[in-house]
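Engineer: Taken in order, these protein sequences are the chains called U and W.
With the first letter of the first sequence counted as 1, position 25 gets the number 25 in this note's numbering; the numbers rise by one all the way through.
With the first letter of the second sequence counted as 1, position 270 gets the number 270 in this note's numbering; the numbers rise by one all the way through.
Some hints here could point you the wrong way.
Unchecked claim - Keeping only pairs whose Cα atoms sit at most 25 Å apart, straight-line, the calculated BS3-like set for lysine-lysine is:
1. U:K289 <-> W:K471
2. W:K465 <-> U:K287
3. U:K289 <-> W:K466
4. W:K487 <-> U:K185
Because the hints were derived from the structure by calculation, they are not lab data.
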Amino acid sequence: MKKNQTLTQMSVPVRASLIIMGLGQLCYKQWIKGLLYLSVFAGTLLYMITTGIKDIAGFFTLGTEETDPWLGTTGDDSVIMLLRGLLAFIVIAVFLVIHASNVRDILECDKKVRTGKALPGFARAVSIFFDRKFYIAALAIPVAGVLVFNVLPILFMILIAFTNYGGDIVPPKLVDWIGFDNFRKILSLAEIKDTFFRILGWNLIWAFTSTFLNYFGGLGLALLLNKKCVKGKSFWRAFPILAYAVPGFITLLAFKFLFSYGGPINYYITSNGGNAIGFLDIDAGVKAKLIGLVVNAWISIPTSMLLATGILSNMNTDLYEAASIDGATKWKQFTKITLPFVVFSTTPVLITNFIGNFNNFGIFYFLRGGLYMDGYFLASDTDLLINWLYNLSIDNNYYGIGAAVSLIIFILTSFFSLLVYVRSSAYKKEDTFR
Amino acid sequence: MNREIARVLATGMVFSMAAGLVGCGSSESGSEAVSEKTKETTEQIVLHILENDTAKSEGYLQELLDAFNAAYAEKGIQAVDANMDEYTDLAANGPYGYGPDVLYQANDKLMTYAEDKHILPLTIEDFACYEYVPEEAWDAFKMTLDGKEYYCGVPVNIQEPMLFYRTDMLPEDWEEVWDKDGNQKPDFLENWNDLYAFSQYLRETDTSANQDGQYGFMASLNNLYLSSQFIFSYGGYVFGETEDGTLNAEDIGFAAGNTAAGMSALKQMAGLMNEGCIDDTITLNRYEKLADGSYFCAVSTPDTYSLFLEKLSLHYEAEGLTEEEAKTKAKENLQMVELPSCMPANGDLSQKSEEMNEADWVDTVVMGGVNGYGISSYTKYREASVEFVNFATGYEMIKTRADMLGIAPTRSDVAKECGDTTDMIFNSLADGRIYLMPSIKAVDQIWVPTQTVMGDIAKDAFREKKGESAKYTSKENFQAAMETVNKNIYDAIYTLSE
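All chains, full assembly: derive it from the sequences and hints.
Structural biologist: What follows is the structure in structure tokens.
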């Protein structure tokens, strides 16, 4: 059969299936398959007639009639309409995928009939499908899950960035599409732009420094506790694990108290005749940033240590023996054997840590929340983009602007993650350590 | 061929059976719907009531529900605890059928909902409490929409910052030294200059090792609610009003009047405290420190009275009294009064009160709020909800609430019966010495900017002590700081929505 047939060259069943899914299969007496395709077609048609078309129209208008809770009249809910419109597009996309499979199937059936081959029954066809395309069967449910729980919210967030949702415009008021206005505000309003770039600069320094500190802190601790000369290793390992086991926000609140004016550190300073120090107050600046790094290290180093301990247990000790015989120093052994091995195995984790630190909301929210500094638009000098995002979207209800900032964070973190990953040994030399 | 016909027939039969089943289903649901309708007319109305945590923990909510359910059993109305967080978001949940029918909240919170019509407007004249509640309290729940006035809440009680102190910590010679007008009330509880002088006296006579054991007036100065007198007594306001009397969030008034003088007074007062006044340290340790005598007086809200009492009782117990004796002594000695009523007009707390004339003073005005009941617009039982609110704001229940929770009721009859302090708070509201939190959504944006600047000004007192350069040394500096507050609030409300 020619690959590119015109409509007139196609057989009747093929043409029938192109127009109505499953009809061609029914013509070839593929009853179950035909009915399944037909039911998908009928279901989608029914969905589109009853709600789909309305939902798509609503996606573009985002509502025309406001709800009045006082009068009890039900109008349009823009946010729900946006969500339903998005769902309608997803249904159409899924329908097109199934329709494509229907076309492939009818062409295959047609080819078999033309060449005089017998068409397999439904059970046989399913069995062949599972045999040849098991990956599709196995991944169908997880992919559906990812679509619903990951892709849909991300798409929803992206779309919100192009609306005026927030401020005074919250349901029952109607939301409108405003194109790139939110991005324009972030990048053009002088104050917002300055705040954005200032915070972005500090955010990058924070993410790199804290990832470096946590990673090498954990590795150092793991190496130390791996030393033969260390007595009671399990006992010492328990301490970082305890720090890890305490919920993060409890640790952060404890540190906030520790460094507050009424906390134990200032108590001892004043008891010894010194002046209380504002570790986290409005003048703290660099002090507060350093405390943030240390507190984050306290929370994160145990995880890195546990990870490094596991990886180090797989190290081939013969390599060290050979290196010693060759006269390599301990530092050389670390940089040429230990580090490449650990980094190779943990690059994806390192990227995850970097993203986690880039979006580390809790540290400065708990340690130093509730400050708006001079020169910052609704933010303080220790706020990260994620904290600013919170100030804008939750504290001040600017959901549209918040979504636009989220999108920028998403683009930045994706860029850095991909950049690091494709340049890493874990990607380039995937099978080196196998 | 026959087999194929049989298959087609079988398929047809399956479809017709399925259609039959669907038909059965619809007819069944129809009959269900009919029975639902019949049920609705006979079923009991269940109202979900959202109260605050204190009302729950102190047992008042249960008392209220029991009383209401007993009174309305015959009418088929039952009220139950909504079992939700006291700050549950009605705007997010209500439209989707969740949330309480009736909710008890502060006026600013309730009116934030009302602005978007999540709370129903009420005909307030229909409520039994109408004539007993002053107009100022009703106004806390008033909003104007399309030129028409609506009331969206029924007032229950007034909240304002109060001064807590211990009578057994008064100096022995207070009547000779600290009662210059001889009215049997310490001067430092009457005006801020004497409170400043008394605090200074306590600091100077502090003989503890690091001179850190004896303070006078203590409050978190970065907290707008607890230190609002430094703004509102000097002509500051939150939002102005338009000609027709509606609130205008574009007119932000933290730099209005002579608030620079107020901020200067705040800085002066900070100089007699410790650095705890810059953050929430004093808010957290005031119960303990008042009980152990480190603080002579501290600012808090009336609903924290029981916490002060508890700590003081424990303190007396530690001194060797029995539990009962300690409680009695604590009740005798713990006093909750309004903040001193006069502040120096020029903001100089160090000026001697005896050298000042009447014109040198301004009335102390504090920020306050009115808590009350609102009815969700999404309730299925509007009339029953009105019945509940009417019952809960009746004399009996408000009296019970005042007795159990120590609130200051807005009902004049209950307030009079409750005694001096409650009556005093009631009168302060009527006399305009309580600046009610504006009842609009934009009020959410005032807290962080004020907290930042007030904390920074309080910190200035300690910068000087440490030999660092002070940021606020002139009236212009204070004024500029308050202009920054206005700007930040404006930005939060408008800049991004323009």
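Engineer: Which numbered hints does this structure break?
Structural biologist: The structure conflicts with no hint, since it agrees with every one listed earlier.
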